[in-house]
Amino acid sequence: MSFASLNGIPVNGSPLVEPIHSSSQLSIRNVTKVFAGKKGLFNKVTRKTTRDFMAIEDISMEIEPNTFVTIIGPSGCGKSTLLNMVAGLSSISNGEILLNGKPITGPGSDRGMVFQSYALMPWMTVEQNIRFAVETVHPKMSPKAMTRVIKEHIQLVGLEGAETKHPHELSGGMRQRVGIARALAINPQILLMDEPFGALDALTRGFLQDEIERIWEQQRKTVIMITHSIEEALLLSDRIVMMTRGPAARVDEILEVPFPRPRNRESIEQHPAYHTLKAEMESHLFRETRAVEEARVRSK
Amino acid sequence: MAMGSPAIASTTKKSGNAFFKNEGVQSVGLFLLSLILFLLFWEVGARSGLFAKGMPTASKTLQELWWWSTHPFFNNGPNDLGIGWNLLISLRRVAIGYTLASLIAIPLGVLIGISPIAYRAFNPYVQLLKPVSPLAWLPLGLYILRDSEQTGIFIILISSIWPTLINTAFGVANVDQDYLDVASTLGASRLRTIFKVIIPAALPNIVSGLRISMGIAWLVIVAAEMLLGTGLGYFIWNEWNNLYIPNILVAIFIIGLVGLLLDSIFAALERFVAFGRNS
Chain S
1 MSFASLNGIP
11 VNGSPLVEPI
21 HSSSQLSIRN
31 VTKVFAGKKG
41 LFNKVTRKTT
51 RDFMAIEDIS
61 MEIEPNTFVT
71 IIGPSGCGKS
81 TLLNMVAGLS
91 SISNGEILLN
101 GKPITGPGSD
111 RGMVFQSYAL
121 MPWMTVEQNI
131 RFAVETVHPK
141 MSPKAMTRVI
151 KEHIQLVGLE
161 GAETKHPHEL
171 SGGMRQRVGI
181 ARALAINPQI
191 LLMDEPFGAL
201 DALTRGFLQD
211 EIERIWEQQR
221 KTVIMITHSI
231 EEALLLSDRI
241 VMMTRGPAAR
251 VDEILEVPFP
261 RPRNRESIEQ
271 HPAYHTLKAE
281 MESHLFRETR
291 AVEEARVRSK
Chain D
1 MAMGSPAIAS
11 TTKKSGNAFF
21 KNEGVQSVGL
31 FLLSLILFLL
41 FWEVGARSGL
51 FAKGMPTASK
61 TLQELWWWST
71 HPFFNNGPND
81 LGIGWNLLIS
91 LRRVAIGYTL
101 ASLIAIPLGV
111 LIGISPIAYR
121 AFNPYVQLLK
131 PVSPLAWLPL
141 GLYILRDSEQ
151 TGIFIILISS
161 IWPTLINTAF
171 GVANVDQDYL
181 DVASTLGASR
191 LRTIFKVIIP
201 AALPNIVSGL
211 RISMGIAWLV
221 IVAAEMLLGT
231 GLGYFIWNEW
241 NNLYIPNILV
251 AIFIIGLVGL
261 LLDSIFAALE
271 RFVAFGRNS
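Respectively, the protein sequence lines represent chains S and D. Using my numbering, you'd call the opening residue of the first sequence number 1 and step up by one each time. Using my numbering, you'd call the opening residue of the second sequence number 1 and step up by one each time.
Because the hints were derived from the structure by calculation, they are not lab data. Please read all numbers here as calculations on a predicted model, not as lab measurements.
Straight line, CA to CA, 25 Å or less: simulated SDA-like cross-link-like pairs of lysine to any residue:
| # | chain 1 | residue 1 | chain 2 | residue 2 |
| --- | --- | --- | --- | --- |
| 1 | S | LYS140 | D | LEU191 |
| 2 | S | LYS48 | S | ARG298 |
| 3 | S | LYS278 | S | VAL292 |
| 4 | S | LYS48 | D | TYR119 |
| 5 | S | LYS38 | D | TYR119 |
| 6 | S | LYS39 | D | TYR119 |
| 7 | S | LYS140 | S | GLY106 |
| 8 | S | LYS221 | D | SER184 |
| 9 | S | LYS165 | D | LEU180 |
| 10 | S | LYS165 | S | GLN155 |
| 11 | S | LYS39 | S | GLY95 |
| 12 | S | LYS102 | S | ILE92 |
| 13 | S | LYS144 | S | ASP110 |
| 14 | S | LYS38 | D | ASN174 |
| 15 | S | LYS39 | D | SER115 |
| 16 | S | LYS278 | S | TRP216 |
| 17 | D | LYS53 | D | TRP66 |
| 18 | D | LYS130 | D | TYR143 |
| 19 | S | LYS278 | S | ARG261 |
| 20 | S | LYS165 | D | ASP176 |
| 21 | S | LYS165 | D | ARG277 |
| 22 | S | LYS165 | D | THR193 |
| 23 | S | LYS165 | D | ARG271 |
Partial selection, computed: residues in chain D whose CB lies under 10 Å from chain S:
| # | residue |
| --- | --- |
| 24 | ASP176 |
| 25 | ASP181 |
| 26 | VAL182 |
| 27 | SER184 |
| 28 | THR185 |
| 29 | LEU186 |
| 30 | VAL197 |
| 31 | ALA201 |
| 32 | GLY276 |
Ideal placement from N, C-alpha and C gives every residue a C-beta, glycine not left out.
In isolation and in its complexed conformation, chain D is listed as follows (with noise of 0.2 Å):
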């Protein structure tokens, strides 16, 4: 068909090359083409047979997708609430586990950081203790604390307090030796050197810490939640109940995105604190 005019064929062409050339074009184009195979194998795979009997159809979950998330808010009882709900009682249960874990792990990491003494003294329980799955201490929680909801949070601030602990006592006791210097040299007070110096120069550290926390925190509530009651993961436990999958991915999905954003906020935050350094 460009036999009949190739000047403007060439033209054209050339145009549409310098576009295609864009990385940012390339990136997003095949990030599009690679979503439309996989929606079109799963449609096709669904409607065939091919996957597990019951596994609902690409069009069948995203068009659940539109229902909830244009019907986020209602209350119809404890196991039918608006996805919108629930994704604001694991944020609230995240919000105040994190919180306490943050108010306690980075105090605490500044003391452990500051002296080489505390440092390896502590750092056994650390060790020990940052491996266990937060699952594990729903049992210890539930007995000690006889509340699900106490529990949830006690499970997130257990979990969500060892990166912050480990980041801002690893900060704080490699703060650059020049920076101490220019500070006793000046005749600081221990005072103001700690919260001055070490406590600034340690913040790509402690934000670092704190994204991986905040990472973890968000794991672990959907984990806890199917155990517990109400927000996300119980939604997801009471679909499986059900046996109503299109929810659960859309579910599934929704996590996703909202773990995603709480991360870009803290990826922003860790440029904003680094003033050219790498962390």
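Chain S on its own, in the form it takes in the complex (with noise of 0.2 Å):
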């Protein structure tokens, strides 16, 4: 059994169960997720059976409002499984996971997901993709109302003036702007990142970033970003949630991120914790990474 604490110190292999905290806003409590492989008669016959696979382990971890919390770990560790178990698009097969103290049993407008790929529809304008959000979110909001909420989203991610473009017509950059305008718009109590600027060159990516950053400050909302970047991880989080290599990832160690905000990435680099915890992620990182490699060429 491993459980780990968000406050920043892990626990691993320890019979003491915390108690759960009263003040988080989310709690995920010993979550498993096992894919299901082909079984039954009429696979064993056309052997197509296959075997179950478990990617994610009893993970547990308590996430407090108004933190921005970053999940970082080797490729194929099933981060992307536990966020959408979190945005209730993927089932949990054991465990749960808390909103609010209520069970998460679907998808549901209290969590905005921002997506890799952007995922905009492309048959609409950047207006009509976060109205289709707000709409569908708030039926009844009066059209006043609701022109002013995206017009105040298409502001909030500095795309004034893009508002009658296509998807296709936007750099990656502009377009993950809009699905980030559209997952603020419908106004949910946490927001859902994978790898959101993984897509992105380097530059872009860095501005971005930046971007994040300012509208973290001025809305404060709780985040779960999936990212495979240390550097990303450090600007942005509160915490760090470091996880193993899968099968049957788990998580390894939080890391409290202390700098001060508003930050920006000169100051960040000042702060004397800086470059222990840098090392530590990326020592952490190459392990898991290397044991991946490893391990897939002694499968072959």
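Both chains are given apart, each in its own frame, so use the hints to dock them into the complex.
Written as structure tokens, this is what we have:
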């Protein structure tokens, strides 16, 4: 059994179970994800049986309101699976996830999702993409209020002037701004971001990270973000959850990021803890990635 | 002749080169050149008896084309009808049969595409009926409907339904999972997801299907009309009975031209619904 609290002290293998924090907004409790293999007589006859695959094993964490949490880990460790379970897109095999004390059973508008592939509707303009989200969540909102909400969020992500453009006329960075505006426009309690800058070039990525920092300072929503980038995690998050390699991925360690806010790239690098944290994350990620690669080599 | 004034000759040559280096100019030039060569070969071949006996010359055929296109609407009874009337009759049959086919194929395709079980269950019917020649339906249509007009429309319907149906079902079944995830994280109802996400996302596929169906409908109507009594197909059949080949060639040209126009309309529609996607 492994249990890690978001108080910064990893308690792997400890028999002590910390009391559930009443202050936490999102509780992930002993969550396990098993992708069921193909079974049954029919599949046996056609020789298509596959074994069950345990992606995540017994993950627990508590997330307090207004915290920016980053999940980092080697590829294929089940980060996205975990996020999809929080989003309600993927079923939970074992354990439970509570949002404000209520278990999550499916997707809902209390969680906003930002996708790595942007997932904008190509046939809708920027304005229509955001409107679709607001209209779906608040069908009875007055047209005036809706237009105001849409306009506010277009301004928030700095896309004034591009309202009537279609996604294919925008750059990747601009598309992800629309994705972020759409997720925020429904005013969710938690923002979930699945490698939001994964498909962007380094310069645009840095620029959007600064934008996320700016927007977060304004709203201070609870955010869970998945990333591969150590610098990104250090710049944006209050807590960094480091996951072990899959299958049966677990939480390895949770780091507190002590840098004062508002942050910027230069100031956090001056902070005494910056390089220690960075080195710790690098050694963790290198270790896990090397193990993944070795396992892959052996399996062939 | 350029020897006398080399300077002028070289400048004109330069500007001339630029004009002829344009790819558009080159392709139009090649097209015109090949057309002239073809017509010349035809004319000479027909006059010298190189082809079958009674084969019309190019000039005679072009004359007929000019005459038929300048006198499109006359009516001296069903066996002597202007080509404009015949064209409108064919287009009307295609329009009715094709519209009915689309009205059945699109909703049915959406229903089949949404459910993977239905997709697999109905696939055998579609795959079995799709390769059947349209004319194979003709006796059945005549027997059931006892009316040549309705039979023509029936054949258009039955043969132009499949591409739209298959493409719609395919498009609906293969909507990007991300769009569906967006809809479900927002808590969109099933109906809203279908109308606001699935159908617009599948629209490029649906329009491609409609385009193929239109091509087939236009192919089929000519064949079907040979046995039915009016329209462009019957015009060809009638001229065959008159053994007047120039008019058959005129009809072939007009059928091709109209088919090209119909296809370009759908090509434009495809671009209109693509929004940067390639269907």
